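Those protein sequence lines, which keep their order, are chains A and B.
Per the working numbering, the first sequence starts with residue 1, numbered consecutively.
Per the working numbering, the second sequence starts with residue 341, numbered consecutively.
What the hints contain is simulated information worked out from the structure, not anything from laboratory work.
On a predicted model such as this, the values are computed, not experimentally measured, just so you know.
Accuracy of the hints is not assured; some may be wrong.
Here are some, though not all, of the chain A residues that point toward chain B, as calculated from beta-carbon distances under 10 Å [unchecked claim]:
1) L36
2) L117
3) A121
4) W147
5) W259
6) I311
Even glycine gets a Cβ: it sits at the ideal position worked out from N, Cα and C.
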Amino acid sequence: MASNIQGTNKIKWLKPWYGLFLVTVFFLIGPFFLPLSIMADVMVYSLAVLGFDLLWGHTGFLSFGHSAYFGIGTYGTAIFLQFAMFKQIPVPETWLWLAIPVGILVATAAGWFGGFLTFRARAGVYGTFVTIAIQFSFWWAMLKWYWVTGGENGIVNLPWLVFRIPGLPAVSLQDMHAAYFFNLLIAIPAFCLMYRIMHSPFGLILRSIRENEERVVFLGYDVHRYRMYSFILSALFCGIGGALYVNYYRFTGLHTIDWLSSGDLVIMPVLGGSGVYWGPIIGALVFIMFKDYFAVYTWFWRLFVGGIAIIVMLFFRRGVWGLLEKASHSISTRLGRFAQ
Amino acid sequence: MISPELIMTAILNGLSIAMTLALAALGLGMIFGLMHVPNFAHGNFFALGAYVAFSITVITGNFWLAIPISALCVALTGFLFEPVLLRRMYARPLPEILVVMFGVMLITFDVIEVIWGSVGLPVSPPPELSGAIPLSITEYPAYRVFQIIFAGTACIAFYIFLRRTKLGLLIRAGVQDRGMVQALGVNINRIFLAGFSIGVGMAGIGGALTAPFTQVFPLMGNDIIIKLFVVVVLGGVGSFRGTLLAALILGWASAFSALIWPPLSEIVIFFVLAFTLLIRPGGILGEGEEF
Numbered sequence: 001m002a003s004n005i006q007g008t009n010k011i012k013w014l015k016p017w018y019g020l021f022l023v024t025v026f027f028l029i030g031p032f033f034l035p036l037s038i039m040a041d042v043m044v045y046s047l048a049v050l051g052f053d054l055l056w057g058h059t060g061f062l063s064f065g066h067s068a069y070f071g072i073g074t075y076g077t078a079i080f081l082q083f084a085m086f087k088q089i090p091v092p093e094t095w096l097w098l099a100i101p102v103g104i105l106v107a108t109a110a111g112w113f114g115g116f117l118t119f120r121a122r123a124g125v126y127g128t129f130v131t132i133a134i135q136f137s138f139w140w141a142m143l144k145w146y147w148v149t150g151g152e153n154g155i156v157n158l159p160w161l162v163f164r165i166p167g168l169p170a171v172s173l174q175d176m177h178a179a180y181f182f183n184l185l186i187a188i189p190a191f192c193l194m195y196r197i198m199h200s201p202f203g204l205i206l207r208s209i210r211e212n213e214e215r216v217v218f219l220g221y222d223v224h225r226y227r228m229y230s231f232i233l234s235a236l237f238c239g240i241g242g243a244l245y246v247n248y249y250r251f252t253g254l255h256t257i258d259w260l261s262s263g264d265l266v267i268m269p270v271l272g273g274s275g276v277y278w279g280p281i282i283g284a285l286v287f288i289m290f291k292d293y294f295a296v297y298t299w300f301w302r303l304f305v306g307g308i309a310i311i312v313m314l315f316f317r318r319g320v321w322g323l324l325e326k327a328s329h330s331i332s333t334r335l336g337r338f339a340q
Numbered sequence: 341m342i343s344p345e346l347i348m349t350a351i352l353n354g355l356s357i358a359m360t361l362a363l364a365a366l367g368l369g370m371i372f373g374l375m376h377v378p379n380f381a382h383g384n385f386f387a388l389g390a391y392v393a394f395s396i397t398v399i400t401g402n403f404w405l406a407i408p409i410s411a412l413c414v415a416l417t418g419f420l421f422e423p424v425l426l427r428r429m430y431a432r433p434l435p436e437i438l439v440v441m442f443g444v445m446l447i448t449f450d451v452i453e454v455i456w457g458s459v460g461l462p463v464s465p466p467p468e469l470s471g472a473i474p475l476s477i478t479e480y481p482a483y484r485v486f487q488i489i490f491a492g493t494a495c496i497a498f499y500i501f502l503r504r505t506k507l508g509l510l511i512r513a514g515v516q517d518r519g520m521v522q523a524l525g526v527n528i529n530r531i532f533l534a535g536f537s538i539g540v541g542m543a544g545i546g547g548a549l550t551a552p553f554t555q556v557f558p559l560m561g562n563d564i565i566i567k568l569f570v571v572v573v574l575g576g577v578g579s580f581r582g583t584l585l586a587a588l589i590l591g592w593a594s595a596f597s598a599l600i601w602p603p604l605s606e607i608v609i610f611f612v613l614a615f616t617l618l619i620r621p622g623g624i625l626g627e628g629e630e631f
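Looking at chain A on its own, in the form it has when it is part of the complex (with noise of 0.2 Å):
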């Protein structure tokens, strides 16, 4: 990783805002061009993407195990929503919405009890081993808790969402694009968020973590807290993605809990470049466009998957965003020279 402290960019017309508005733009028209379903994943795994880039590409800890957070959104939110539609929580259907917090908020505890777990063990890898357990032990819950989660099934055939304003028609979300649009509404707001959270002190912090851990300690700050704010972030915005997973398909399964997608989110910030805040959003575009082509065409998709991982790695250790920021330097130069 590229010691980049700022956080910054290096393509410099590229300002917070303007890019911020490329990507709602970019969710907002994406529907019109690429297949809905695409799209929607994009988002949901940015989000997600997002938050484990803050403890990996920020924070500069791995961890092995953070679709145990994605997943245990995508189930806190279908269980609630499954046992609302079954009367065994008194909810009326104006207020399934409900699910959605409350998806957010089983995936922030979660991330709690499993920061304080991992970071319980001896620094770096072994930390990431821990988390590769505790992701396990979820899955593993999740499977075998089968009355509740429907193991191997999955929980199926969720209600969908009803708003009712007073004065207007009520508006379901039973129409694919209505959901769509709907998460764009809690994705815009988590962007912004995580765009702040990046670019404050806070962030700051957790960069000189990556860069230097012994001398932040010195410094006065407590560096397994700010570890813990991290991670709890990343689990929070991990459980967003989850929710608004749910909320989009309207089912959920041991597909999204497992080893493999804990390792999706991994390849995705590397492919778009971590450490950046655009870099996990192109990777995660780039990787699901990709993985959907290759499902398509050729059921090797681990393959493809670990073939990324290992090429991105040898080559190109700043992912498409890096390769970016060389073509842009490079224009820029030329621009410059010809205007000279």
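Chain A is fixed; fit chain B onto it per the hints.
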């Protein structure tokens, strides 16, 4: 009902699980201690050992031949693999190595599936070891007794190799201080190559020994790799005794919890991990022990 016979069987089952885990985890721990590479593909080398054992048994009809040949085949795979990819990665930060090894794991899954197919395959134990033998108060399958003894012997052989040979000495020195070994004029790349081949070869033996009583299936590597990492974390990297002890504890925890509620045996090792981390963050034996 829990009877003395059941408890005796659980003790033996735990020993059998522990020996499988110990064989593979010793190799994994050595590779990690020596080269600082968390070998995610270790479970797949284990699976490869089982698959080679399957093929050799089918072709020659002789399981005794399968154990050495599969160990050699897996070690040879490691021998060819290390210089191609791993050697380029040693200078990188650990998370990047982890990502690359994860990629290797995914690719080897597909390679195994392409060669042998995705259906589970049975391996028959040698006819001399079919049936059960009486052990004090219970009867136990003869093959599993053989597996416990053979794997235990292999662990002891590995210990003697580390303690009594020149290469073992260099490997232990490399685990302690890689830079100093290099400074003394030893070609560390050769040590790495030997260490990696031996480490994955141990996983291959473990896979070949396990094949007759579990089916051979492509995801068997996925099932064991997480447990192996738990053993390494609990035992402490570079600690022979710690790894062995952790494997025994996990094996027995797994076997005894199966008496209470069978699905528990899959998950109990994570409870052990969580509990150990809460009271002893540095692993069971703690730090400071060499290989």
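Exercise. Checking against the hints above, which ones are violated?
Worked result: When the structure is compared with the hints, numbers 1 and 4 turn out to be violated.
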